[in-house]
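K.L.:
Residue numbers (the working numbering), protein chains in the order written: chain A, 1 to 272; chain B, 1 to 217.
Treat each hint with caution, since some may be false.
[Unchecked claim] Listed next, with one range per pair, are the computed distances between beta-carbon atoms:
1. K126(A) <-> K55(B): 46 to 52 angstroms
2. I245(A) <-> D106(B): 56 to 62 angstroms
3. Q213(B) <-> I245(A): 24 to 30 angstroms
4. P22(B) <-> M204(A): 57 to 63 angstroms
5. Q110(A) <-> E84(B): 32 to 38 angstroms
6. D151(B) <-> A97(A): 35 to 41 angstroms
[Said to hold, decoys possible] Take a look, some chain B residues computed to stay more than 12 angstroms from chain A by CB distance:
7. T34
8. L54
9. K88
10. P111
11. A115
12. T129
13. S177
14. Q181
15. Q188
16. N201
17. K204
18. G214
Hints in this document: simulated from the structure, not taken from any laboratory.
Glycine included, each C-beta is placed from N, C-alpha and C at the ideal position.
Spelled out from the first residue to the last, the chains are:
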Amino acid sequence: MNDADLSFSKADHFFTRSIHKKKAQILALCHVTVSEILSITAGHVQKMARSIGLARLTLCCVGMFSAVSHAADIPLYPTGPSADSSFVRFINGTDAALELTAAGSKAKVQLDAKTPTTVFYPVRAKSDIKGQFTQAQSKSDISTSVKAGEFVSVIALADGSKLKHLSLGEEPDDFNALKVSLAFYNVSAKCANAALQVVGRDVMLFEKLGVNALTRRMINPVKISVQLLCGEQATGAPLELGELIAGERYSVFAVPAASTTRIFIVSDAVAR
Amino acid sequence: MAAGTLAGIAMLVLGESHLSLPGYLMNPLYEDLTTQGATVHAIGACGATASDWLKTVEVPCGADRFKGDTVFKGRAATTSPIKELIAKDKPNLVVIILGDTMASYDNETFPRAWAWQGITGLTKEIAATQTPCVWVGPAWGTPGGKYFKNDKRVEFMAGFLEKNVAPCVFIDSLKFSKPGQWATVDGQHFNQAGYQAWSANITKALAALPVVQGLKK
Chain A
1 MNDADLSFSK ADHFFTRSIH KKKAQILALC HVTVSEILSI TAGHVQKMAR SIGLARLTLC
61 CVGMFSAVSH AADIPLYPTG PSADSSFVRF INGTDAALEL TAAGSKAKVQ LDAKTPTTVF
121 YPVRAKSDIK GQFTQAQSKS DISTSVKAGE FVSVIALADG SKLKHLSLGE EPDDFNALKV
181 SLAFYNVSAK CANAALQVVG RDVMLFEKLG VNALTRRMIN PVKISVQLLC GEQATGAPLE
241 LGELIAGERY SVFAVPAAST TRIFIVSDAV AR
Chain B
1 MAAGTLAGIA MLVLGESHLS LPGYLMNPLY EDLTTQGATV HAIGACGATA SDWLKTVEVP
61 CGADRFKGDT VFKGRAATTS PIKELIAKDK PNLVVIILGD TMASYDNETF PRAWAWQGIT
121 GLTKEIAATQ TPCVWVGPAW GTPGGKYFKN DKRVEFMAGF LEKNVAPCVF IDSLKFSKPG
181 QWATVDGQHF NQAGYQAWSA NITKALAALP VVQGLKK
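Could you build all of it, start to finish, from the sequences and the hints given here?
P.N.:
Next up, the structure:
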């Protein structure tokens, strides 16, 4: 079993215990579970890094204190991880509630209109992430991997009466504690050239986004509402984005609805 | 510098190797800060990254100084969870001196996601206690050495920290000297004169910050 499988299994264990609890508690408790995952991942990386450091230490034969320098010499330590962090989250892009299951487990987490997403779980880069979305009698087997430094969203979508999913990844380089980072995911085949316009202002937050694509930008921490445009036509009701906090990251998803496309916003929270 | 520019301020100062061994930054900084009236608890942990201060992590060396002489530790050194340190000391200012341990000097690709996760994890923990904080970034080293420190990456690291440490206030140590001006023993760790200069500049910069001036009694 690789680290990613182990991590997901630990999450499953939690899901088993918490499945009867309120949905609102799920994310908060997932936080605890994923913190366990985080400590495993971080510990693994740290262990590897320290092993490298110790090897170098042996090679360099560096003592704790140098006899020739007036400043004491220091044991060698790594100045970073062997690979960047990687994350995966799961989104319900359908109109009805569904359940997420990790491979090899019967434990489930429910994703619905109130809680359409999990947090971003830390995973080991390039490992296989396996699980399953289930909705009524429909199932969609998940199998994806995440590159170092990548944040992957696995999005469940309706496929007629069946269920399918799509994985979209991003490697952000816009980390900034003074700005809001807002992404726009368009996974609605009914919405070509998707755009988000600020309600009441002639300002486009995003324009001409193709289907099954995403884009991201930084904005100031202001309270705004947005209108989805598909092919320059206003589609659906405006969405109030709420109080966006500087330093936090968010995503607006455009997903297919019964006869149109709808949008919703989620926090890009990372399990800590 | 006028005496008492930091009068009445109780500081918790956390850092990496620079604060961890005799002849390094620990003693000059502790003495400069206390001379200016601050009460200081300074802890160094070799190789510790930001996320290491969210839990207890064993490190290859470290030091601790609080109302007395410095206790230098070998392999018995650990980090401590920041929340526990703040709850115990009740400082009115936290100072983080950290950057070299997260710069990945020997890696062509900077681990942005990892660094962002670690930095924001620590700043959020501090912010949750409503304790003001200051983050002191890395200083120029001398290119090469066993840590592969280089000017380009240290400049990038300082810029990354500047963008991501809020609500902590950032102090850019690169402004204190020119590249290579402070001699090092290994490319990354300075000689005594370098540490004394870094200490004096940190103390002066701290005293000039509005957030620190607002804490003076």
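K.L.:
Run every hint past the structure and note whether it holds.
P.N.:
Evaluated hints:
In this structure the supplied range 46 to 52 angstroms is violated for K126(A) paired with K55(B), their Cβ-Cβ distance being about 26 angstroms. Separation of I245(A) from D106(B) is about 35 angstroms and departs from the stated range, judged on CB atoms against 56 to 62 angstroms. For Q213(B) paired with I245(A), a C-beta distance near 27 angstroms keeps the hint of 24 to 30 angstroms intact. The hinted range of 57 to 63 angstroms is satisfied by P22(B) and M204(A), whose Cβ atoms lie roughly 59 angstroms apart.
Between Q110(A) and E84(B) the beta carbon distance is about 35 angstroms. The supplied range of 32 to 38 angstroms therefore holds. Distance hint for D151(B) and A97(A): a CB-CB separation of about 54 angstroms, inconsistent with the stated range 35 to 41 angstroms. Under the 12 angstroms C-beta cut-off, the non-interface status given to T34(B) relative to chain A holds; the minimum distance is some 21 angstroms. Non-interface status of L54(B) relative to chain A is broken: a Cβ of that chain comes within 12 angstroms, the nearest being about 8 angstroms off.
The beta carbon of K88(B) sits about 22 angstroms from the closest Cβ of chain A, which is more than 12 angstroms, so the claim that it is off the interface holds. Listed as outside the interface, P111(B) is inconsistent with that label: its C-beta sits roughly 4 angstroms from the nearest C-beta of chain A, within the 12 angstroms cut-off. The non-interface label for A115(B) is inconsistent with chain A: the shortest C-beta to C-beta separation is roughly 8 angstroms, within 12 angstroms. No Cβ of chain A approaches the Cβ of T129(B) within 12 angstroms, the least distance being about 16 angstroms, so the stated non-interface status holds.
Residue placement check: S177(B) keeps its beta carbon more than 12 angstroms from all beta carbons of chain A (closest about 17 angstroms). Annotated as non-interface, Q181(B) keeps its C-beta farther than 12 angstroms from every C-beta of chain A; the closest such distance is 17 angstroms. In this structure Q188(B) is not separated from chain A by more than 12 angstroms, as the shortest Cβ-Cβ distance comes to only about 8 angstroms. No Cβ of chain A approaches the Cβ of N201(B) within 12 angstroms, the least distance being about 18 angstroms, so the stated non-interface status holds.
The Cβ of K204(B) lies farther than 12 angstroms from every Cβ of chain A, with a closest approach of about 22 angstroms, so its non-interface assignment holds. Under the 12 angstroms C-beta cut-off, the non-interface status given to G214(B) relative to chain A holds; the minimum distance is some 20 angstroms.
Hint check: violations occur at hints 1, 2, 6, 8, 10, 11 and 15; the rest are consistent with the structure.
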